[in-house]
Amino acid sequence: AQKVTQAQTEISVVEKEDVTLDCVYETRDTTYYLFWYKQPPSGELVFLIRRNSFDEQNEISGRYSWNFQKSTSSFNFTITASQVVDSAVYFCALSEQGDSSYKLIFGSGTRLLVRP
Amino acid sequence: ETGVTQTPRHLVMGMTNKKSLKCEQHLGHNAMYWYKQSAKKPLELMFVYNFKEQTENNSVPSRFSPECPNSSHLFLHLHTLQPEDSALYLCASSQPLAGTDTQYFGPGTRLTVL
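Line by line, the protein sequences give chains A and B. Taking our numbering, I'd label the letters of the first sequence as residues 479 to 594. Taking our numbering, I'd label the letters of the second sequence as residues 69 to 182.
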C-alpha cells in the first residue's frame, strides 16, 4: 500500500539555522510523483515542488532544496538560513493514479517553528 | 480572481442545519477534489470529480453530498452533521490529462459543528 511517513512531528529552530524535514515513502509503483506542500496558519496548502520518480537530481530553489533518494525511498526537504516566515506545517505527499485522476497520499505533516 | 477560491472561509452550524460549501477554480483544470483536515489527523481525501463525473468517494458518510455542475465549480452540501465533522475542508483542482497531476488548493473552509 502507498504510505508517506513524516516522523518529525514538530521542529523548532532559531532564525538563520538550517533545517531538514524528513519524508519516507512506500509504493509498489515504478512511476510515481512526490510533492511537498506548505500550510501556513492561514490554512491554504501551497505547492512547493513535484518530483518524478525517474528524476533523482536534487533541486534547489532559493533557500529551499530537496534531496530525492530512491535507494532509501526518501524525499527530504532542507531550508537554508530559515526565516520566521518559514513557520508552517509542511506536508510530503505521494501521487497514486486512480481510474481517471490522481490521488495524493499525504504524510501527517511536520510543524516547523522558526523563532526570532 | 485567480487560483482556487472557497467560500465561506468560516462556518458555524448546528447539527440540524443544512449548509453548502463552495469551491471555484480559475485554472482551467478538469479535476476537482474535496479533502477533510481534522486536528491531529492526516489529510483525508473525500471526493474526486473528473470532467464533472465523480470518480472517487472515499467511504464518506451520506450527510456529505458533493455536487459538480461544471469543471470550475464544486460544492459540498452538508446536512445533519455531527460535532466530529468539525474540521478544515479543503478544495483542490488539477489537470491530470495534461501530464501533470499537481493539485492546487484553496484556502479552505473552517467548519465548526455545535
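In case anyone wonders, no lab produced these hints; they're calculated from the structure. Treat the hints with care, as some may be off.
Keeping only pairs whose Cα atoms sit at most 30 Å apart, straight-line, the calculated DSSO-like set for lysine-lysine is [stated by the list, open to error]:
(1) LYS108/B / LYS494/A
(2) LYS481/A / LYS87/B
(3) LYS109/B / LYS548/A
(4) LYS109/B / LYS581/A
Results for each hint:
A distance of roughly 28 Å separates the Cα atoms of LYS108/B and LYS494/A; the hinted pair therefore holds under the 30 Å criterion. Taking the CA atoms of LYS481/A and LYS87/B, the gap is about 34 Å. The hint is violated against a cut of 30 Å. Under the criterion of a C-alpha separation no larger than 30 Å, the hint pairing LYS109/B with LYS548/A is consistent with the structure, at around 27 Å. For the given pair, LYS109/B sits about 17 Å from LYS581/A by alpha-carbon distance, which is consistent with the 30 Å threshold.
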